[in-house]
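Visitor: My request is simple: use the sequences and hints to build the entire structure.
Number of protein chains: 2
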Amino acid sequence: MPELRKDPIVGRWVIISTERAKRPDQFGANFDPGPQELTPCPFCEGNESQTPKEIFSLRPKQAPANSPGWELRVVPSIGPFLRIEGSLDRRGKGVYDLTNGIGAHEVVIETSQHISNMADLPQEQILKVINCYIDRINDLERDKRFKYVLVFKNYGWTAGGSMIKHAKSQLIATPVNPKRVKEELAGAKQYFDFHERCIFCDLIKQELDSPERVVLDIDGFIAVVPFAPRFPFETWILPKKHSCDFAALENQNRGNLAEILRRVLLKLKTGLNDPPYNYVIHSAPFRRAKAGYWKSIDQDYHWHIEIIPRLTRVAGFEWGTGFYICPLSPEDAAKFLREVNA
Amino acid sequence: MPELRKDPIVGRWVIISTERAKRPDQFGANFDPGPQELTPCPFCEGNESQTPKEIFSLRPKQAPANSPGWELRVVPSIGPFLRIEGSLDRRGKGVYDLTNGIGAHEVVIETSQHISNMADLPQEQILKVINCYIDRINDLERDKRFKYVLVFKNYGWTAGGSMIKHAKSQLIATPVNPKRVKEELAGAKQYFDFHERCIFCDLIKQELDSPERVVLDIDGFIAVVPFAPRFPFETWILPKKHSCDFAALENQNRGNLAEILRRVLLKLKTGLNDPPYNYVIHSAPFRRAKAGYWKSIDQDYHWHIEIIPRLTRVAGFEWGTGFYICPLSPEDAAKFLREVNA
Chain D
262 MPELRKDPIV GRWVIISTER AKRPDQFGAN FDPGPQELTP CPFCEGNESQ
312 TPKEIFSLRP KQAPANSPGW ELRVVPSIGP FLRIEGSLDR RGKGVYDLTN
362 GIGAHEVVIE TSQHISNMAD LPQEQILKVI NCYIDRINDL ERDKRFKYVL
412 VFKNYGWTAG GSMIKHAKSQ LIATPVNPKR VKEELAGAKQ YFDFHERCIF
462 CDLIKQELDS PERVVLDIDG FIAVVPFAPR FPFETWILPK KHSCDFAALE
512 NQNRGNLAEI LRRVLLKLKT GLNDPPYNYV IHSAPFRRAK AGYWKSIDQD
562 YHWHIEIIPR LTRVAGFEWG TGFYICPLSP EDAAKFLREV NA
Chain H
262 MPELRKDPIV GRWVIISTER AKRPDQFGAN FDPGPQELTP CPFCEGNESQ
312 TPKEIFSLRP KQAPANSPGW ELRVVPSIGP FLRIEGSLDR RGKGVYDLTN
362 GIGAHEVVIE TSQHISNMAD LPQEQILKVI NCYIDRINDL ERDKRFKYVL
412 VFKNYGWTAG GSMIKHAKSQ LIATPVNPKR VKEELAGAKQ YFDFHERCIF
462 CDLIKQELDS PERVVLDIDG FIAVVPFAPR FPFETWILPK KHSCDFAALE
512 NQNRGNLAEI LRRVLLKLKT GLNDPPYNYV IHSAPFRRAK AGYWKSIDQD
562 YHWHIEIIPR LTRVAGFEWG TGFYICPLSP EDAAKFLREV NA
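Chains as they are written, first to last, in the numbering used here: chain D, 262 to 603; chain H, 262 to 603.
Under the rule of at most 25 Å between Cα atoms (straight-line distance), these lysine to any residue pairs were calculated in the SDA-like manner:
1) D:K283 / H:T360
2) H:K443 / D:V356
3) D:K443 / H:D454
4) H:K267 / D:P341
5) D:K450 / H:G448
6) H:K354 / D:R599
7) D:K354 / H:R599
8) H:K450 / D:N438
9) H:K450 / H:A509
10) D:K267 / H:R273
11) H:K354 / D:E592
12) H:K408 / H:I345
13) H:K440 / H:K450
14) D:K314 / H:M262
15) D:K408 / H:E280
16) D:K405 / H:Y585
17) D:K450 / H:V356
18) H:K596 / D:V356
Derived from the structure by calculation, the hints contain no laboratory data.
Guide: What follows is the structure, given as structure tokens:
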């Protein structure tokens, strides 16, 4: 019997339908490789002149900017979706609303080596990437035009990856709060108003008490397949200690985050034949104390990372309803990932 | 300069970013054909024994059920996402909610001939499909367990189409209202509460007054590229006369709907090299008069069809924000589709 499960935060129903079942390991097959890789790779060390001028870099030996000798670089996107210069100029047009596309769009080049999957980076390098995310978020927060920075990764062609197959993530700062984040904030607030507890904290407690959906449980962090996943092997990483703000993560806990992120990505790569995936970091919007309707956000929201392997196709039912059909139970997905030796 | 545009109904922002611009006709190329077609086709006339027993058929010469001599058939899905038998049994599990996966999942076989794209069916045949949708919705509405029926189509592999390449659509009846439809209902109600007018009616009037996004304008219906489209060439078909209920469409107007649907699909096929696409019909939920928070729905909601060609990839930014990046302006998309001779 299929089950309808409700995401406890945003209220999205998901159909867990295993009638057309595959075994978990059968999901990892035949990914579209996309067009041929761009060569020479503009993100490799030595090819700095092929990118826009760097915004940030890690240079342990103080080599000059835009030259070799770096461990990590941040550059503006060559095809930015939003422009940094200008004013918002929000305006109406009959029933419609629009603003200028002001924002920032940056690319984090995660390594100087030509490695494509973050799963293959050493933990210390992933820690540098996390530190860099936090530095960039803190810098972008100073620009009063921006309300949010989304950190995300597109790995593999089907997941929106590009012809540059070199480990990278992206940051987009937006002048409006994302709809998805607002939905989470509203759902978490509703739960908090009733229970006076954070729903994410309750969820973590329940998952640890009955760990059938837990993929990894390490010091400070948990990786779980959510109760109502949209996609097979969808996995969330949550800090066990309550915090609404990813950028407030203490230095001493960042190594653990690097560890759990690397291990989850490596389990996906090893167990599912190197699948395309996305991840997104969901954190509280900027200047949240003044943000009116989510005044209590420090108590009720909880930052987390959502990792989405792209193994199934999204079709009319999903577009039409906003519900998802997941052809693998999250308990089976978690068991499979737990058992992958990585 | 890119623009941020807001969908006036659900409040979703869309980035219209033409920096990485392609010409409109360059979007139609290289679609993944998917795995090989299933042969012999179980949906062709003569192969009735290869489908589950029919729920409905059009048989002008009264041939017996499940035999040749039909113009259109409806059969249960062979891999249904929801099951028709049983009770909902809605229950909690700590912080989580679930119910049994009760629902109906039916396939409308749109023709007895082996034609794959609805665009290639004669208008009279599309009229039969529309009549059939309405008959099936009215029948499913009688089952008090169901709150909604989504009618949708997946054409082409990337759009979630199957190995049976024979024109078909699907109906899924759900025991809960779709999130996407609830968002539209809530947005339309908010507008109505303020203006005492239907937002869709206002939108139609504005589009007709300044028709730069109009693709087709025929008796009773309009096809427009929305002001804030998620995807290039996304097109909505709306009835000009206010109505919240697709299934209440009068007999004498159904032929016009068949005409505009066929012409839009044929323009997409001709202009964009037969792309994969989805469409969904958004109509008011069942038993709406009693549905509490959308009491005024007869006045403020307006049924419509959303057609989504699948020409771009959805990536981390979209999953993380619920916003979309559309690399083609809707005005250019509409101009291109208007000029396609089909």
